[in-house]
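Keeping the supplied structure of chain A fixed, place chain B upon it in accordance with the hints.
As given, the protein sequences belong to chains A and B, one line each in that order. Position 37 (the first sequence) corresponds to 37 in my numbering; numbering is contiguous. Position 132 (the second sequence) corresponds to 132 in my numbering; numbering is contiguous.
In short, the hints are calculated from the structure, not lab data. Ideal Cβ positions, reconstructed from N, Cα and C, are used throughout, including at glycine. Be aware that one or more of the hints could be misleading.
What the hints assert, rightly or not - Simulated pairs of lysine-lysine, DSBU-like, Cα-Cα distance not exceeding 35 Å:
| # | chain 1 | residue 1 | chain 2 | residue 2 |
| --- | --- | --- | --- | --- |
| 1 | B | 389 | B | 415 |
| 2 | B | 389 | A | 269 |
| 3 | B | 342 | B | 41 |
| 4 | B | 109 | A | 43 |
| 5 | A | 269 | B | 53 |
| 6 | B | 206 | B | 252 |
| 7 | B | 53 | A | 112 |
| 8 | A | 43 | B | 206 |
| 9 | A | 43 | B | 364 |
| 10 | A | 43 | A | 109 |
| 11 | A | 53 | A | 43 |
| 12 | B | 60 | A | 53 |
| 13 | A | 53 | B | 40 |
| 14 | B | 60 | A | 269 |
| 15 | B | 206 | B | 67 |
| 16 | B | 67 | A | 269 |
| 17 | B | 41 | B | 389 |
| 18 | A | 45 | B | 41 |
| 19 | A | 53 | A | 109 |
| 20 | A | 269 | B | 40 |
| 21 | B | 60 | A | 45 |
| 22 | B | 206 | B | 415 |
| 23 | A | 45 | B | 53 |
| 24 | A | 53 | A | 112 |
| 25 | A | 269 | A | 45 |
| 26 | B | 415 | A | 269 |
| 27 | B | 383 | B | 325 |
| 28 | B | 206 | A | 53 |
| 29 | A | 53 | B | 41 |
Unchecked claim - Here are a few chain A residues that sit away from chain B, every Cβ distance over 10 Å (derived from the structure):
| # | residue |
| --- | --- |
| 30 | 45 |
| 31 | 75 |
| 32 | 112 |
| 33 | 181 |
Chain residues, written in single-letter form:
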Amino acid sequence: MIPNSRPSADDSAFMPPHSGCGTRGVMLFTPNSELKTGFRMLKIKNIDAFFGKIQVLRRVSLHVGAGEILALIGANGAGKTTLLNVISGLHPSQNGTRIFLDVEISGWKPEKIVARGLIQVPETDKVFNPLTILENLELGAYLRRQDRAQLLSEMERVFQVFPVLRERQNLPAGTLSGGERQMLALGKALMGQPQLLMLDEPSLGLAPTLVGEIFHIIRTLNSQGTTILLVEQNAREALRIAARAYVLDTGRIILTGTGEELLSNEEVKRAFLGKDYRGKWER
Amino acid sequence: MDIFNAAVETLNRQDLLELQNERLQIVVNQAYSHVAFYRKKFDESGVNPDGVKNLEDLRKIPFTTRKDLMENYPYGMFAVPLRDVVRLQFPLGIYGNPIVIGYTREDLKIWRELVARIMVGIGITEHDIIQVAFNYGLFLGAIRFNQSAELIGAAVVPSSIASAEVQIRIMQDFRSTVLTSTPSFALHIVETMKRKGIDPRTLSLKIGLFGAEPWPEKVRRVIEEDLGIKAYDIYGVMELIEPGVAGECSEKAGMHIFEDHFLPEIIDPVTGQVLDGGQEGELVLTTLTTNAYPLLRYRTSDVTALHYERCSCGRTMARMDRVLKRADQMISVRGINVFPEKIEEVLAGTPEIGPGYSLSVTEKMGMNDQLKVSIETSAAIQKGPEEKKAVLLEGIHLALRRALGLRVEVELVGKDRV
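Isolated chain A, as found in the complex (with noise of 0.2 Å):
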């Protein structure tokens, strides 16, 4: 079982501000100390999924094991993005259990998952253009009704880990670049103090020094206790952090195995990391 209490903000697990050396060495949020290794965090069975006629997903089932990184990849289209709102209550499904930190949740509301610690950052329109930063961040922490100075506190243990946002936090967040844009969006989920974090294509669209901060991140914040479920089009980067990871090929799961088996695993080769070749035998 996981004890379902959040860490609370004088948790003497919290390292001592750093400065100065960006995300590297700065202890986030409380690593789970409970967490008893083998756990399944999240289990989901058979979840089927429509657009309308279409389905989209077919009996999906796949668990998340307490404190690991737990990749999706798959084609465009594959259905990874709707498995993710399936999941956080906003797409519906029709049949399947989904079962977090050992709670059906099914039929619950979006913001009452959400309250239960399973966080997602959305592929696009993640921030509030129009609000400035710091509203962005308090917003992450909407659900969870905690007094201002607990909220200062995180807010500023999201700084250490972005010192850019702290520098615009009094500017529009329209007003970011794509990778500040993310970077914000992380911070806001982080605000909720997520159990379990999806993050849905969190390289999209950014430059490639940009991508390899961002999943450095997203290590960094695994290797202090937040579960990570990681859908990704980049499916070599995030084979290398993840500890597992499913294959998702037209709404069924064909492929799982560790990240380090899938990177050689011909198959996921030829369709997702742009090797292909043929035998001596075929002409």
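Positioned in the frame of chain A, the structure of chain B alone reads:
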């Protein structure tokens, strides 16, 4: 004793069943989309692959038989392009079309781990010296002991088909701590040691890992007592992986099936009905992780029973009884599988004899030791010149030896004696 992959081998049953369910759905997806044989089979029997939602839905899927594998020779059962395959293996002794089984790099990696799980489970460590006295040519699984031993860091002596005397010498000089072979050969080593007056206590041998043929408990007792070791059973299926499907742990309370990779069922071999735990019947296996050669509900013809109670070793994986019977006519002679159908094939190629024939075996401690083939012949040959008979016999003898990889006794008898 240690557990090689404790996270998996002691996984609680509920999580294990969920893992199996996830993997079953994936293997069904793969088989249906990549293997024409399975697509046809599903479509013809009206089974919707998306309808496989729970482990119980497995029962909707038709069985796969050895005949299916033969008919789809060579590559019809492969779920990956040939370029992904890194090993092609064909079990010997199969009649009719051969069978060819492909393995990808990941498949071999899994296989290597499974045999290592068994080795670690019976107390083999990196400090052991493992003497592999299997015939590397006839028993394709022999090489697996090398690779798995290397995985856990133990030393391997592939002594292969060296004579019993040489094997004993190696045991003495190399101080081998583990012997792995067929139980028949282990008995042969026991006899040779007795004849030569060698005291087993002068050896370093501690553990024996035996398989590739059925061996009753009394054989185990003799081997354990006369060699002063603990003897364990290992199980495989030549059409999947052999050995490595299951193996005993230190408790000797049945062989743990690696349920994270194989989904076992027991069926009534006649009606095909699924039987409950504890009931004896034919073992049916579904591969859950195999990439190249997925098999759905493959009928192994091995007769056993499954036990799901937790083992006192701590593993949660189901245990199967040791296999002593078959649901088909295959017999095992000194670790070599013999199908009567294969013998028929050979005999059919010689016009002067048959078609009637009979097989008899000489047993040694409940295991088949010698196979004798009695073949009916016409009175003309029976009464004909001895030289002609001798030439005929010699020809059959050679042909059978070539086909079976085993020396058998052959006799020619009159029509009424078969």
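Taking the hints in turn, this is what the structure says about them:
1. With a C-alpha separation of about 15 Å, the suggested pair residue 389 (chain B) and residue 415 (chain B) falls inside the 35 Å cut-off, and the hint holds.
2. Of the supplied pair hints, the one linking residue 389 (chain B) and residue 269 (chain A) is violated, its CA atoms being roughly 62 Å apart against a limit of 35 Å.
3. For the hint pairing residue 342 (chain B) with residue 41 (chain B), the CA-to-CA distance comes to about 28 Å; that is within 35 Å, so the pair holds.
4. A distance of roughly 27 Å separates the Cα atoms of residue 109 (chain B) and residue 43 (chain A); the hinted pair therefore holds under the 35 Å criterion.
5. For the proposed pair residue 269 (chain A) and residue 53 (chain B), the alpha carbon gap of about 29 Å is at most 35 Å, so the pair holds.
6. Between residue 206 (chain B) and residue 252 (chain B), the direct Cα distance comes to roughly 15 Å. Compliance with the 35 Å bound is thereby established for this hinted pair.
7. Between residue 53 (chain B) and residue 112 (chain A) the alpha-carbon distance is near 28 Å, which keeps this suggested pair within the 35 Å criterion.
8. With a C-alpha separation of about 45 Å, the suggested pair residue 43 (chain A) and residue 206 (chain B) falls outside the 35 Å cut-off, and the hint is violated.
9. This hinted pair does not check out: residue 43 (chain A) and residue 364 (chain B) have alpha carbons roughly 54 Å apart, beyond 35 Å.
10. Between residue 43 (chain A) and residue 109 (chain A) the alpha-carbon distance is near 18 Å, which keeps this suggested pair within the 35 Å criterion.
11. Among the hinted pairs, residue 53 (chain A) with residue 43 (chain A) is consistent with the structure: their alpha-carbon atoms are about 26 Å apart, no more than 35 Å.
12. Of the supplied pair hints, the one linking residue 60 (chain B) and residue 53 (chain A) holds, its CA atoms being roughly 27 Å apart against a limit of 35 Å.
13. Restraint check for residue 53 (chain A) and residue 40 (chain B): the C-alpha separation of about 26 Å stays at or below 35 Å, so the hint holds.
14. Using a Cα cut-off of 35 Å, the hinted pair residue 60 (chain B) and residue 269 (chain A) holds, with the two alpha carbons roughly 33 Å apart.
15. Restraint check: the Cα-Cα separation between residue 206 (chain B) and residue 67 (chain B) comes to about 42 Å, which exceeds 35 Å; the hinted pair is violated.
16. This hinted pair checks out: residue 67 (chain B) and residue 269 (chain A) have alpha carbons roughly 34 Å apart, not beyond 35 Å.
17. Distance check on the hinted pair: residue 41 (chain B) and residue 389 (chain B) sit about 49 Å apart at the alpha-carbon level, beyond 35 Å; violated.
18. At most 35 Å may separate the alpha-carbon atoms for a hinted pair to count; residue 45 (chain A) and residue 41 (chain B) meet this at roughly 26 Å.
19. For the hint linking residue 53 (chain A) to residue 109 (chain A), the alpha-carbon distance of about 23 Å falls within 35 Å, and the restraint holds.
20. Taking the CA atoms of residue 269 (chain A) and residue 40 (chain B), the gap is near 28 Å; set against the 35 Å cutoff, the hint holds.
21. With a C-alpha separation of about 19 Å, the suggested pair residue 60 (chain B) and residue 45 (chain A) falls inside the 35 Å cut-off, and the hint holds.
22. Simply put, residue 206 (chain B) and residue 415 (chain B) have alpha-carbon atoms about 52 Å apart, too far for the 35 Å limit, and the pair is violated.
23. In summary, the hint linking residue 45 (chain A) to residue 53 (chain B) is supported, as the alpha carbons are separated by about 8 Å, within the 35 Å threshold.
24. For the suggested pair residue 53 (chain A) and residue 112 (chain A), the alpha carbons sit about 28 Å apart, so the restraint of at most 35 Å is met.
25. Between the alpha carbons of residue 269 (chain A) and residue 45 (chain A) the distance comes to roughly 27 Å, so the proposed pair stays at or under 35 Å and holds.
26. For the suggested pair residue 415 (chain B) and residue 269 (chain A), the alpha carbons sit about 63 Å apart, so the restraint of at most 35 Å is broken.
27. Of the supplied pair hints, the one linking residue 383 (chain B) and residue 325 (chain B) is violated, its CA atoms being roughly 40 Å apart against a limit of 35 Å.
28. At most 35 Å may separate the alpha-carbon atoms for a hinted pair to count; residue 206 (chain B) and residue 53 (chain A) exceed this at roughly 65 Å.
29. For the given pair, residue 53 (chain A) sits about 27 Å from residue 41 (chain B) by alpha-carbon distance, which is consistent with the 35 Å threshold.
30. Separation of residue 45 (chain A) from chain B is inadequate, the least Cβ-Cβ distance of about 7 Å not exceeding the 10 Å criterion.
31. Every beta carbon of chain B lies more than 10 Å from that of residue 75 (chain A), the smallest distance being close to 14 Å; the non-interface claim holds.
32. Non-interface status of residue 112 (chain A) relative to chain B is upheld: no Cβ of that chain comes within 10 Å, the nearest being about 24 Å off.
33. Every Cβ of chain B is farther than 10 Å from the Cβ of residue 181 (chain A); the closest lies at roughly 35 Å, confirming the non-interface assignment.
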